[in-house]
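Colleague: Given these sequences and hints, build the entire structure.
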Amino acid sequence: MKYYDKLIFELSRKGRTAFSLPECNTELPASTLWRATPLNLPEVSEPDVVRHYTNLSQMNFGVDTGFYPLGSCTMKYNPKINEEIVSQFNSLHPLQPEETVKGVKAVYDFMDKALAEITGMKHFTFLPCAGAHGELTGLMLMREYHFSRGDMARTKVIVPDSAHGTNPASAAVCGLDIVVVKSKENGLVDVEDLKPLLGPDIAGIMMTNPNTLGLFERDIKEIAELVHECGGLLYYDGANMNPLLGVVRPGDMGFDIMHLNLHKTFSTPHGGGGPGSGPVGVAEKLVPFLNIPKVSGFHGNFGIILRACAYILALGRENVKMAGPLATLSANYIKESLKDCYRLPIAAVCKHEFVFDGLAEPNGVSTLDVAKRLLDYGFHAPTIYFPLLFHQAIMIEPTETESLETLDAFIEVMRAIAREAAEDPELLHSAPHNTPIGRPDETMAARQPVLKY
Amino acid sequence: MLRRIGVKSLDDLYSDVPVEFIHKGEYDLPEAKSEEEVRAWFKDFASRNTELTVFAGAGAYDHYTPSVIPYITSRSEFLTAYTPYQCEISQGTLRYIFEWQSMICRLTGLDVANASMYDGPTAAAEAMRMCVACTRKRNTVVASSALLPNVLDTLRTYARYSGINLVETWEVQEAVAEGTLDLAGVIVPSIDKYGFIESHLGLAGLVHEMGGLLVEYCDPSALAVVKTPAEWGADIAVGDGQSLGIPLCYGGPYVGFMACRNEWMRKLPGRIVGQTADAEGRRAFVLTLQAREQHIRREKATSNICSNESLMALWCTVYLSLMGPEGMRRLNGICYSNAHYLHDQLLATGKFRDPFEGREFLKEFALQPLCDVRKLQQALLEAGFFGALETEEGYVTFCVTERRTREEIDSLVKVVKEAAL
Chain P
1 MKYYDKLIFE
11 LSRKGRTAFS
21 LPECNTELPA
31 STLWRATPLN
41 LPEVSEPDVV
51 RHYTNLSQMN
61 FGVDTGFYPL
71 GSCTMKYNPK
81 INEEIVSQFN
91 SLHPLQPEET
101 VKGVKAVYDF
111 MDKALAEITG
121 MKHFTFLPCA
131 GAHGELTGLM
141 LMREYHFSRG
151 DMARTKVIVP
161 DSAHGTNPAS
171 AAVCGLDIVV
181 VKSKENGLVD
191 VEDLKPLLGP
201 DIAGIMMTNP
211 NTLGLFERDI
221 KEIAELVHEC
231 GGLLYYDGAN
241 MNPLLGVVRP
251 GDMGFDIMHL
261 NLHKTFSTPH
271 GGGGPGSGPV
281 GVAEKLVPFL
291 NIPKVSGFHG
301 NFGIILRACA
311 YILALGRENV
321 KMAGPLATLS
331 ANYIKESLKD
341 CYRLPIAAVC
351 KHEFVFDGLA
361 EPNGVSTLDV
371 AKRLLDYGFH
381 APTIYFPLLF
391 HQAIMIEPTE
401 TESLETLDAF
411 IEVMRAIARE
421 AAEDPELLHS
431 APHNTPIGRP
441 DETMAARQPV
451 LKY
Chain V
1 MLRRIGVKSL
11 DDLYSDVPVE
21 FIHKGEYDLP
31 EAKSEEEVRA
41 WFKDFASRNT
51 ELTVFAGAGA
61 YDHYTPSVIP
71 YITSRSEFLT
81 AYTPYQCEIS
91 QGTLRYIFEW
101 QSMICRLTGL
111 DVANASMYDG
121 PTAAAEAMRM
131 CVACTRKRNT
141 VVASSALLPN
151 VLDTLRTYAR
161 YSGINLVETW
171 EVQEAVAEGT
181 LDLAGVIVPS
191 IDKYGFIESH
201 LGLAGLVHEM
211 GGLLVEYCDP
221 SALAVVKTPA
231 EWGADIAVGD
241 GQSLGIPLCY
251 GGPYVGFMAC
261 RNEWMRKLPG
271 RIVGQTADAE
281 GRRAFVLTLQ
291 AREQHIRREK
301 ATSNICSNES
311 LMALWCTVYL
321 SLMGPEGMRR
331 LNGICYSNAH
341 YLHDQLLATG
351 KFRDPFEGRE
361 FLKEFALQPL
371 CDVRKLQQAL
381 LEAGFFGALE
391 TEEGYVTFCV
401 TERRTREEID
411 SLVKVVKEAA
421 L
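Going down the list, the sequences are from chains P and V.
Going by this note's numbering, the final residue of the first sequence carries number 453, and the count climbs one at a time with no gaps.
Going by this note's numbering, the final residue of the second sequence carries number 421, and the count climbs one at a time with no gaps.
Be careful, since some hints might not be right.
Between beta-carbon pairs, the in silico distance windows are [stated by the list, open to error]:
no., chain 1, residue 1, chain 2, residue 2, range
1, V, R374, P, A36, 36 to 46 Å
2, P, N90, V, R406, 56 to 66 Å
3, P, L404, V, D16, 20 to 30 Å
Residues of chain P clear of chain V, computed beta-carbon distances all greater than 10 Å [unchecked claim]:
no., residue
4, E46
5, D151
6, E225
7, G274
8, L389
No lab work stands behind these hints: they were computed from the structure.
Please read these numbers as outputs of a predicted model, since none were measured by experiment.
No residue lacks a Cβ here, since even glycine has one placed at the ideal position from N, Cα and C.
Modeller: Right, dumping it as C-alpha cells:
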C-alpha cells in the first residue's frame, strides 16, 4: 500500500465539473426560503474523482485483500454473484403497491422460511438494519410480550459480563435496566450467580452462545428453564451464530427471540462498517408482536437481504451443515497451533473463535504491538482488548472460507512475532513499518478534534 | 487438522453441546444451486415485479445514479473491509468518511457530522434521544405532524420504549410557546411530507428560550438550494442520504446523516472520524471520541449503534464530488421546472384543486383530488406510472425528479385527463 495524501476538496479547481445533466435555464423565484450561504462542494472532473477514490481504496484492506481474522466479526468471503443480482431490483419504489412487487414479496417469504428453518424460530422481521438494531428490536418485542400480559414490572434485563457492548447499550436504549451476571473461571455463565437475580422484575436475559470467548454455554438448558420459570424470555445475540450454522438451532435451545447478522453468518460484505442487516426471529408465542416496532423507514435493507438469499441458495441443504463445523475446525486448529507461544487462559474446545491473553512471554510487548506487527506481514489484526475479561485479549476468528495454507501462513507469522518479541521488542513497539502511515496520535485526535475539512 | 487439535472427527468439536441440541436430519432448504442457477432464480423473481415510471417520493426519490458510483463502491478494498479499527490499513475508509462528514457539514451549515446512521427515520429517532440527553432531566419532544409518516412511526417506536414523551402537533410554534412542557427538543421538517418548503422563522429562538433543542429533518439533495438548518438556527440536522443518487431498491440500503453544533459534539451517536498525524507527521485519520460509544461505555453510551451505513456514505460522497455546486444547482432547477410543469398541467385537467396555493416546492407537491383516488391510482398503474400517493388527510402527492422527461410527464397527464375518474 502506498501513502496518498489528498482529500477530494484539495483537487478542486473553479469551474471544473463531472456531472452529466441537460441545460436548465430555470431560475428559482426570489424567496426567503432559499439558502443564502453558497454551497461549497469540490469542483472536479470525472477522471479526478475516479482516480482519487481508486487511490483511497488502495490504502484499504478488505477480505479480498487478505486474511481478516477479526474476532466476532465473521469476515468470511463475500461471493461476487451476490453483488450482481441486486441491480435488477434497483428501480422499485418502497411504497409500490403489492401487486407490482410480487417478486420482492417472494424473496422475503423465502428468506423468512429459510431463516426460520435454520434457527428454529417461527417468523422474522427484516426491518433492523444491523446487529445492534436487531438487538434493540428484539428487546422491544420482549417488552411487548410482557406488556400484553399486563406484566409491567419487568424492567430489567440480565446481560453476562462477557457480552458484546451493544447488548447493554441496546437494553438502555429500550428503557431497560441492566443486571450483570458473572462468568465462572471457565468462561461460562455462572448459574449460581444467575439464580438470585431472577424474579418478577426480570424481562429476560441476553445471551451470546457460543459466547465472546468462543465457548459454548453448556448450561443453556438449565439457564433457559430458570429464566422461563421466573417469567422471563431468552434473547439470542446472533453475532456468534456462524459455528452453529447447520448444527444447532437457537430455537431448540430454548431461545424466544434472536437476531442474525446477515453481514456475518450469511456472507454479505461489511462495506467498511455497513450496510448490514439484522433480521429478528421469534418463537410462536411472540409472532403477534412481530410487526409492532417500526424501527426503520421502509422494509429494511432489501439489497442486503437479496445477497444473503443468494448465499443460502448457493449453499443449499447439502452444504449448510458444513459451514459451522469448518469454521470451528479452523479456529481450533489455530488455537492448538499457537497455544505454546500465546497465553491461552481457558483450555477447552472452542467454536468459531477463541481468545488469547497476550504473549506467553510478553517481554514488555503488548497485544497492541502484536496486532500492529501483523499488519506488516500482510494480515488484518484480530479483535483486541475484547472481551474485557482479559487485559491483553486477542480474539481470533478465521471463518470457514480460508484454506489450510492461509491458516498455516498466519500461524507461522504469529510464531515469528513471538520470536521477535523475545529478540527485538523495540521492533514491535514501533510497528507497523510497512503501512501507508505509522501509529497515529489518537490522543491529539480526541483532545483537539478536527472532524471536517 | 483434526490430529493437531486432538480429536477424531468434526462431531468431536461439538462435544460440549448437549446432544439433544444437535440438529438431526435434513434442513428443509432447496438443494445447492450453481452460480448460473442462482442467477436464473433471481431473474425469475425479478421478472415478477412491475417496473414503473416513478412519480412518487415520500422519502424515497428517483434521482439518477452516475455510472462512476457503483464502479467505485464495488471496489473490493472498500466493499469487503470492516469498520476501520486498524487505521494504518484503513485510511481509504477513514478518508472518505472524513470527506462525507465535511460535505454533510457544508450541506447543513452545521459544525460537526457523524459517520452515518442506518437511515433518515432512525437518525431522527437518535436526534430525539440526543435532545433528551443534552437537556438532562427534560423529557418531552415535540414532533411536527408534517414530518413523513415513516419518520413519525420510527419516532413513536423509539419513544414508546425509552419513555420519552413525544407530542405530535401541526401547531409546533403554539405548542412550544405555551411553555407548559418540560421541553427537550422540537423536530420539524425542512420540507414537509407534501413537498412544501417550511419557514422556521423565529422557531429556534422560541425553542431555545424554552430550554430545548431544534432538530430539522432534511432532504440533503434539496439542501443545495433551500435554507439550511444552520440558517434557521437549528441545533441538529438529520435526514436520509438516499436522494444523493442511491437507487430506490425497494427501500434500502439507504443512509442516515446527522450533524450538530459544536457544543453537542460529545453527545452525538455513532462513529466519528477525526484528523491527526503519525509519528513522522504524516496526515492520518482515525475513529475518534470513542468514549461516547457502546464498546467502551456499554449501557452509558450515547447510542447502541455500532455498524452504520459506511458504503452508502461513500456512495453519497462520490455523488456530491461528481455533482459539485453547479450540478446540484442545475439538478434542483430541473426538478423545480419539471414538478411545476406537472403541477400546472394536473390542475388544468380540472380533476384537482390546489389548497396550498402560494406554498413553495421543489420536486414534490400535494393536491386535493376532485376524483376517486383509487381509480386515479389504478389508471396510472395500468399505464405504467407510480404516483398520486394518498396522504392521511386525503391529498395526493406527486414527485418529479430530473429523470422524468417532458414526454413522460405529458403522458401521465394524458392518462389523468382521459381516464374516467
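Colleague: Each hint: holds or not?
Modeller: Evaluation of the provided hints:
1. R374/V with A36/P: 36 to 46 Å: Hint holds: Cβ distance 44 Å, inside 36 to 46 Å.
2. N90/P with R406/V: 56 to 66 Å: violated, 24 Å
3. L404/P with D16/V: 20 to 30 Å: holds, 24 Å
4. E46: violated, 6 Å
5. D151: holds, 15 Å
6. E225: holds, 13 Å
7. G274: violated, 4 Å
8. L389: holds, 14 Å
Hint compliance for this structure: hints 2, 4 and 7 are not met, and every other hint is.
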